Structures are given as structure tokens and as C-alpha cells.
Amino acid sequence: MTYFLDLFLSGLTRGSIYALIALGYTMVYGIIALINFAHGEIYMIGAFTALLASMVLGSLGLTGWGLLLSVAVIAAIYSGMYGWTVERIAYRPLRGASRLAPLISAIGMSFFLQNYVQLAQTSNFVLFPDLVPQMPFLKPISAYLNRTQVIILLFTSVSMVGLTLFIKFTKIGMAMRAVAQDMTMARLSGVNIDRVISVTFIIGSVLAALGGVLIGCSMRQIYFYMGFLAGMKAFTAAVLGGIGSIPGAVIGALILGFAESFAAGYISSSYRDVVAFIILIIILIFRPEGIMGQAQTQKV
Amino acid sequence: MTHKITASHIGRVIWSEFKPALLASFWICLLAFPIMTLSINPTNQSFKFSLDRMPYLALGTFVLSILWRFFLKRRAFIGITKAVHQSEGLPEDLRKGPKPSWLTVVKASRYRRQGIYVLLAIMAILPFISSPYTVNVMVTALIYVTLGLGLNVVVGVSGLLNLGYIAFYAIGAYTYGLLNHYFGLSFWVCLPLGGLTATLMGLLLGFPVIRLSGDYLAIVTLSFGEITRLVLNNLTVTRGPRGISYIQPAGFFGIDLNGAPKEFLVNYLRVDPAMDINKIFTYFIILCLVIVTIIFVFRLENSRLGRAWLAMREDEVACQAMGINRTRAKLTAFALGSTWAGLAGVVFASQITFINPASFSFLGSILVLSIVVLGGMGSIPGVILGAIVLSALPEQLRFFSQYRMLLFGALMVLMMVFRPGGLIQSTREVYIHKTNGNGKGDGNGTARLEALTGAPKPEATGERP
Amino acid sequence: MSAGLDKGAGANAAGTGTGSGSGCVDPILSTVGISMVFGGLVALNSVDLSIERGSITALIGPNGSGKTTFFNCVTGIYKPTRGEVILYPALDLPSKSLKGLPADVITHEGLARTFQNIRLFNNLTVLENVLIGRHTRMRAGLWGALTRNRKTRAEEAAAIERSYGLLVTYGLDAMANELAKNLPYGAQRRLEIVRALATEPKVLLLDEPAAGLNIAETAALRDLISDIRENEKVSILLIEHDMNLVMKVSKKIYVFDYGRLIAQGPPDEIQKDPKVIKAYLGED
Chain A
1 MTYFLDLFLS GLTRGSIYAL IALGYTMVYG IIALINFAHG EIYMIGAFTA
51 LLASMVLGSL GLTGWGLLLS VAVIAAIYSG MYGWTVERIA YRPLRGASRL
101 APLISAIGMS FFLQNYVQLA QTSNFVLFPD LVPQMPFLKP ISAYLNRTQV
151 IILLFTSVSM VGLTLFIKFT KIGMAMRAVA QDMTMARLSG VNIDRVISVT
201 FIIGSVLAAL GGVLIGCSMR QIYFYMGFLA GMKAFTAAVL GGIGSIPGAV
251 IGALILGFAE SFAAGYISSS YRDVVAFIIL IIILIFRPEG IMGQAQTQKV
Chain B
1 MTHKITASHI GRVIWSEFKP ALLASFWICL LAFPIMTLSI NPTNQSFKFS
51 LDRMPYLALG TFVLSILWRF FLKRRAFIGI TKAVHQSEGL PEDLRKGPKP
101 SWLTVVKASR YRRQGIYVLL AIMAILPFIS SPYTVNVMVT ALIYVTLGLG
151 LNVVVGVSGL LNLGYIAFYA IGAYTYGLLN HYFGLSFWVC LPLGGLTATL
201 MGLLLGFPVI RLSGDYLAIV TLSFGEITRL VLNNLTVTRG PRGISYIQPA
251 GFFGIDLNGA PKEFLVNYLR VDPAMDINKI FTYFIILCLV IVTIIFVFRL
301 ENSRLGRAWL AMREDEVACQ AMGINRTRAK LTAFALGSTW AGLAGVVFAS
351 QITFINPASF SFLGSILVLS IVVLGGMGSI PGVILGAIVL SALPEQLRFF
401 SQYRMLLFGA LMVLMMVFRP GGLIQSTREV YIHKTNGNGK GDGNGTARLE
451 ALTGAPKPEA TGERP
Chain C
1 MSAGLDKGAG ANAAGTGTGS GSGCVDPILS TVGISMVFGG LVALNSVDLS
51 IERGSITALI GPNGSGKTTF FNCVTGIYKP TRGEVILYPA LDLPSKSLKG
101 LPADVITHEG LARTFQNIRL FNNLTVLENV LIGRHTRMRA GLWGALTRNR
151 KTRAEEAAAI ERSYGLLVTY GLDAMANELA KNLPYGAQRR LEIVRALATE
201 PKVLLLDEPA AGLNIAETAA LRDLISDIRE NEKVSILLIE HDMNLVMKVS
251 KKIYVFDYGR LIAQGPPDEI QKDPKVIKAY LGED
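Going line by line, the protein sequences match chains A, B and C. Residues 1 to 300 (the numbering used here) are what the first sequence spells out, left to right. Residues 1 to 465 (the numbering used here) are what the second sequence spells out, left to right. Residues 1 to 284 (the numbering used here) are what the third sequence spells out, left to right.
If you are wondering where the hints come from, they were derived from the structure by calculation, not from laboratory data. None of these values were measured; they are calculated from a predicted model. Mixed in with the good hints there might be a few duds.
[To be verified] To give an idea of the chain B side of the interface with chain C (calculated C-beta under 8 Å), a few residues:
#1 133
#2 136
#3 299
#4 306
#5 308
#6 326
#7 410
[Claimed, not checked] Partner residues are not named here, just some residues of chain B that face chain C (Cβ under 10 Å, in silico):
#8 73
#9 74
#10 324
#11 426
#12 431
Note that beta-carbon positions come from the ideal geometry of N, C-alpha and C, so glycine has one too.
Starting from the given sequences, assemble the full structure and let the hints guide the process.
Structure representation (C-alpha cells):
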């Protein structure tokens, strides 16, 4: 039973991080119907920036909660900047191009960023410091839930609630929903489409960076290729939940997290990644619109 | 009223162009600041701070930014003039036919056929006068030409983005590797088997997923590529990451090519004594495969089936309204593309005699895709050029090879933004109408048409910017 | 051809005699109680409609009244929720149900259409666009394409000849080797119609062919439609907002409103029908 609980909790934390990344995919897809392949790379850059920031700030004597929070903020800001830039360079000039063009451009961007970090840094795994401070009040449940997992769940839930409120109640959130519904109509109603798309990329990137910081704290190592696999899985989660749907992305990510965790625990850990991919293929075959998505009729 | 152009005018113009470039350069430096200046030493978890790279980055991004803005403006300008032409009816220069590009000149040349023969002769002599290393590079390049042409059928002609193409290459290579390792089957038996297995896998994957939209198909194929690699890595029968070694090279009627034939070649034709004659043989096999592929792809493109693929690429709804069975068209394109990957895989296994899953990573799929994108989607000469540029050049230039992946990425973005049709953009077949002598040129049965590949025609770009 | 037309004319006279109902004696295509529901929205509500062999029939109605949905249901892009679509290929051949068949099969059976927003194969030449229209009347498969045997070559040559012939007949031969996207707008509309004709349809369905055309181009289109009816053995179903065009070319008009048929009859009757006037001008 404890084994089951272990797997359950590790699935939950894994799924939470997937959710943070999946939101970026689902938001971008919802608005411009593009699979942003470079999104996983933003997450990786978030993790690397966090590591560098923690080293510099750590050597300046910052510790504890202050260190964790400032590292997370720096990573978020930098990733946001990267997300914005990627959109400006690789996607904005391709508005109105053929369907294949932005997709190939996205793959190119992803590849570029991966190799940029590899060349500038290292192709080896690097250790990630344990940024999460001790929390004595967790003593009674520490047998089940460690402090990193607590932080992951906390960060993720706060971000989800924040995002939901943002999209529901702010003006730009409303504009995002409008653009997702009908871009032409939104433009005619005076919505600045480019700005909405930029904001979408920035928010997605910030969430991905938080995911990067958290995965660093939890796995304790990062490397330049981490974004590819995580990106694939987060995309799977987004599709599983119904791409374009924000609650869908979260639910999909959690399901994927559990599936992987139990598959690794009860079958074999070497097939964990295969499970994710097989789930993806199965959903796409039987329910391409996902759990929360709606089937769409082609407009002719 | 006259305008005097003063120094301040020029200064203002230059400043208006330079200011955005300076800003862009500053912005990129800001972005790159932590990752480019701080480097982690993974062994002792220390970091080093250095500003050495920043001046280069600043200057480089400044120049690139000016070029970027210039080309974007040019693109927008061309777009506007074209739109104006279109609203005014067909422009005169289009009716007359455009200025021929160097490619159309080559195509239209009376010496085209002779040119091809000369090229073939050179290709046939080349291995006997070059070093073993060069032959190896050429074999690799030709394998990539085959892969590029095969993927071109899927991506360029049919518009289906296959991101797991390398998996079919792996399937071909492993078909030969395994059958040779366990059952001792020869190359010639395995070549069709490898192609067939890849086709079947293509059908197997294609059948359920083919009705998905383009983006989803890309993701599913990517997943399939990863699953294939992971499975090869984990199965005991494929010997996991250790792979399969000592695969036999292709045989020639059971004759040991490194025996008597080699003696003959070295003594009488002055072939490099270090040469492995099996490699030369492999070279000719892949050369033949490439020639057959070119002929087949060319014929397909100008056939009923090929036009169905093109129609599907251009508009999925309209293609169905024209009576094309979309599912069947997609499946044939997908499976046929896989066949070539399988065939190339068998040749690859016989070339390097050792295969493991690491040879078939996602990177491979990206490399082949870059070949198609760079060369020109849907363009046969383009894909050949792309394959040579992207596979043979990095072998020759060491500097290039370190940054090659970085450049691939940048290249794909730049090509999509500025030249989505690729280096050699695909041109459509031109038909010249010839009226018969009896003077009834009304087109109903008395007109005769002749396909003329060579006539100059408007440059048919994928998306003319 | 002309015999068919005469027969049609006679049938129409008989049809109008019986008054209401979808009745015409010699229909080529009819729908029976066809309905289409999207979620909770009823886009088409039990439409009975008949197209007389060899005639030009028009569908009119305000925007969003279900005309294009009707086209999509008939041509297999949508699967109608209820109802039947029946094709009567010829008087001596048995009728066929087209309901629920995929779009490509329906085209093969003899229905061809154009689209409201032009859907050409933009990066292919004009001739190739028409050649693709020949697809369903050609046989060559993978084997033929790879070997390029005698049969395939002959078929290919015949298809090219026939396509070029169509271009000559409808005045597009000068642009045969242009990319479709480079054609002026009016020529694109024309090419889409010619491409549909290349499928050898029994019924040609035109979805707002005059949309976006200027007065001169519309006049040319009217001639084109008349020419097609004279040259080809084809019945035409036309969606159009240009009343001038509709009244001039069509023999019978069906009026849609809110997914229902509210009126049908020859042009002069329709023009006077109070229900039609109300649908167009609103309640007063």
C-alpha cells in the first residue's frame, strides 16, 4: 500500500510539472493553432537560468526562501523574454503562411535553442542545487511527502488558480479568449492580436520556467536535452486533455503523470517513456479532440 | 520647392535603420547574457564568468538584425507589388513568361540530356580515382539523397509532416542486421525485405492515424520514431544499446571483391590500395538506387497518383471534391515514402556493418527534414542539392560540424521566413500546345499536346513571398 | 442532349401543373426530408428538393439560411442527420442513394461542385488543376505511374488533351501553364468551374459563383453558365445572391430561410411571392 501511495504521489508531482508546461502548449495552440515545438526548450532554458542564478546568488550569500523565490523569479523573467523573442523571430513573420511553415520553423527554433545551450554550456548532466529549504512542520507526513513535492504541488496549484483568474477577469485575459474564439472578429473589435499572442507566449514561458525550476529541485540534475522529452510529454498531456482547454491540460497532465508513474512502478522503468507515447497515439486515434475538447466541424 | 539632402537627413535615415538593429542586438545580448557568460563546470559544480563571447555576439546580432530587417522589407514589398498586379489582372511580364532562373536555363538547355550522361559517367569513374574516405562520404551523401527524395514524397509532394521518418530507416537497417545476424540472409534477399517491412510498418502506423490533421500527424510520427528507438534500445533480440555488429557488406555473386578483383583494379586502374572494394560496390548499389528513385519520383509527380498527392497538399477539401480518396492517397504517400527509408536503411547497414539505436535518433529525422526544406519541398534537384550540402559538407568542414546542429535549426527558421520554396524551388511541368496541320485548333480532339519539361516558366515557388 | 432538354421542359410544365411538392417528372437529383443538426442548431430542416434533368435550378435565401450546408450535405462533406439524397443517373438506369457516401465517391457518381471561397490548387498550374478534375475518370495507379506503360501513357495523353480542350472552350488556354494563384480573381472563379466540369458531372453545383465579381465579370459568368448548359450534358444547381443573374438563367428557384424551404417556383412567381419578400426584407 505504501508502494502504491509512493507511486501515486510521484505521479502527482510529475503530473503537476507536466501541467505547468502543458499550459503553454495548450494556450498557444488555442490561439494560433500552432504546436510550439520550442516550448520544451524554454522550459530547459528556465532550468539552466535558474541554476546559474542560484550559483551567482548563492555565492553572494543568499539562502533559504529568499534564494528559491529570487531564482524562480529570475528564471521566469528570462524565460518570458525568450518566449517573446522566439515568437517575434520564428512565428510572427509567418502569419498567413502555409500550414507547414510555422511547424517547421518551430522545430528549427527548438533545435537551435537546444544546441545553443549545449554549445554555450555543456552536453553533460549538471547537478542542480537543493533550493527548497527545510520545513520542520512537515515532519509528521515526511514519510509520504517530501518538502520538494510539497513545494511542487503548492507552486503548481497557485499558478493554476492565478492563471484561471487572469484569463477570466483581466482585460487581456478576455482578449485572449476572444482571439481563441475568432481571430478576425477579435481584430475587427479592436483587439491587438500581436500583443495578445505575445502575452500568451510570455505567460506560457513563465509557467514553463517554473516547471524547469521545480523539476531541477526534484530531479536534482538538468541537461540540455531535457526540454525535448518533457515538451513531448507535456504536449501529450495537452492533447489528452483536449488541446486549447486549460483545465483539460491540467487533467491530461495528471493522468499522464499517474500513468507513467504506475507503469514505471509496476512494469518497468525503461518503458516509462514508451507508455507516454503510446497513450498519445491511442488518444489521437480514438478521441483526437481529447477529454475536455469539443469535436469541431470543418468549415467549408 | 526643392529638397536639399543634407548630412543630417542621411544621418537620420541611417539612424532610423540602425536604431532597431542596435536595440535588437542589445536585446539578444541581454537574453544570452547568463547562458553565454557564465559557464558551469559539471565536474566540480563551479562556474566561470567571462565576457569574451559578448562582443562577437553583439556585432553578429547587429549585422544579422540589419539583414533580417532588410529581407523582411523586401519580402513585404514583393508581396505588395504582386497583390497589385493581381488586382489589375494578369501582369504582362507573367504572360510573356518570366526571366528564366539558372535552373530553368539548365532545364531548358538542349544539352540537358548530354549533361546527364556526362554526370553519370563522372559518377561512375569517381570511386576509382578517389580515396576510401571520399567514397565513404559519397555513399553517405547518396543515402541521404535517397532518404531526402523519399521524405520529399511525403512532406514536399503530399504535405504530410513526418517527423519520425528515421524510424523507417531504422526498420530497414534492423531488418537486414537481424536477418543477417541470426539467419545469415544476404543483402540481396534483405534489400526488398527491408523495403517491404518499412512499407508495412508505414501502413500499420498510417492506417489509424492518417485521418488526423497535419499537426497531429507530425506528433504521432514523432512519437512513433521515439517508440521505435526506445524499443530497439530495450529489446534483447536487438541487443539493446550495444546494437548489431559484423553485418555482411553486400555480396557480388559470392566473389570476394577484395581478392582478385581488387588486385586487378589496383594494378591496372591505379585504384588506391587502401580501398575496400566492397565500399565501391556499395557505392554503385546506392547510386543505382538513387537513379531509380529519381526516375520513380519524377514519374510519380506527373501521374494521376502524384497529382492526387499534390491536390491533397494544396487543399484537402477541394481534393475530395475532385473525387480523390484522401485516405488512400495519404496512405500510399506515407507507405511509399517509408519504403525508400527502408531500402536506404538496408544499404546503410551494409555500408557501416554496425548499427545501434543511437544512429536513429530524432536528430536523424530532423536532418532529413532539413534536407528537404533547404533543397526545396517538392523539388527533385533541390533535394539532391540539399542532401549533398547537409551531409557531405559538414564532413569536410570541421568548423561547420561543431555548429552544424545549431545552423540546421537557424536554417529551418530562415528558410521558412525568407524562402519557403527552398534553394531550388519546385517547378511545374509545362505543356506546349501544338496544333495539327489540318488547321482545326479548337482543342476538341484535334489539338495535340506535348509535354516539354524544358520550357522556361514562371518560377513556381511554394509560397512566393 | 437537346432531346434531354426538351424532355425536361415538358416535365417542368407538368411539374408546375401539379403545384406544390418537390415534383418534377424527370429529376436528376432529389433530396427527401434532408436535415442537418449541429449540436442543438438545426441548420437544415427537412428539405425536399428536386433538380430537373438538364435545367438550371437556383437556391436563394438570406445569409445563414442553410444553402451552403445543403450543398455540403449533398456533396458528402457533411453527413446529413436525416433524409435521403437520390441520384437518377439516366432514365433507364436505377436510382442511387448518395446519403452518407464520402465526398470523393459522390464526385465519382457524377456530382461536382465549386466553393464559395475559391478553393483552387494554388501552386499547381491551370492545366494541372483541370487534370486533377480528371482524376476520377482515370484508372492508372501506382504501378502505372512507376512503369509508365503504354496504357498509362495513352490515358495521360487523352486526359491532357481533354483538359486542354476544356480550357480552350472556356477561354483559359492562354493561361494553361500559369500557377492558379497568379490568375486574376475572375479567371480563378472560371477555372474552378472548368475544373469541376472536368470530372464529367451529371449535376454541377455552383456555390455563389458571382461573389466578388464586377458587373462585366458577372455578365461573362452568365454567358459561361449558359454555354456550359449548352455544351455539356449537365444539370446545374446554383447558389447565388445576384438576383439579376438568378432570374435570368434559372428555370426554377428554391428559397431557403432558417434552414427551411419557404418557396419554390419559376423566377417570375418567386419575385412576387410575399414569403420571399418577407424573408429578404424582414417583417414590416
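Okay, the hints, checked on the actual structure:
1. 133: Result: violated, 36 Å to nearest chain C Cβ.
2. 136: violated, 31 Å
3. 299: Interface hint status for residue 299(B): holds (5 Å vs cutoff 8 Å).
4. 306: holds, 7 Å
5. 308: holds, 6 Å
6. 326: At about 7 Å, which falls below the 8 Å cut-off, the nearest Cβ of chain C leaves the hint on residue 326(B) intact, so it holds.
7. 410: violated, 26 Å
8. 73: Hint violated; residue 73(B) Cβ to chain C Cβ min 23 Å, cut 10 Å.
9. 74: violated, 20 Å
10. 324: Check passed: Cβ of residue 324(B) comes within 5 Å of chain C, closer than 10 Å.
11. 426: holds, 8 Å
12. 431: Check passed: Cβ of residue 431(B) comes within 6 Å of chain C, closer than 10 Å.
Figure legend: structure checked against the earlier numbered hints; hints not met, in rising order: 1, 2, 7, 8 and 9.
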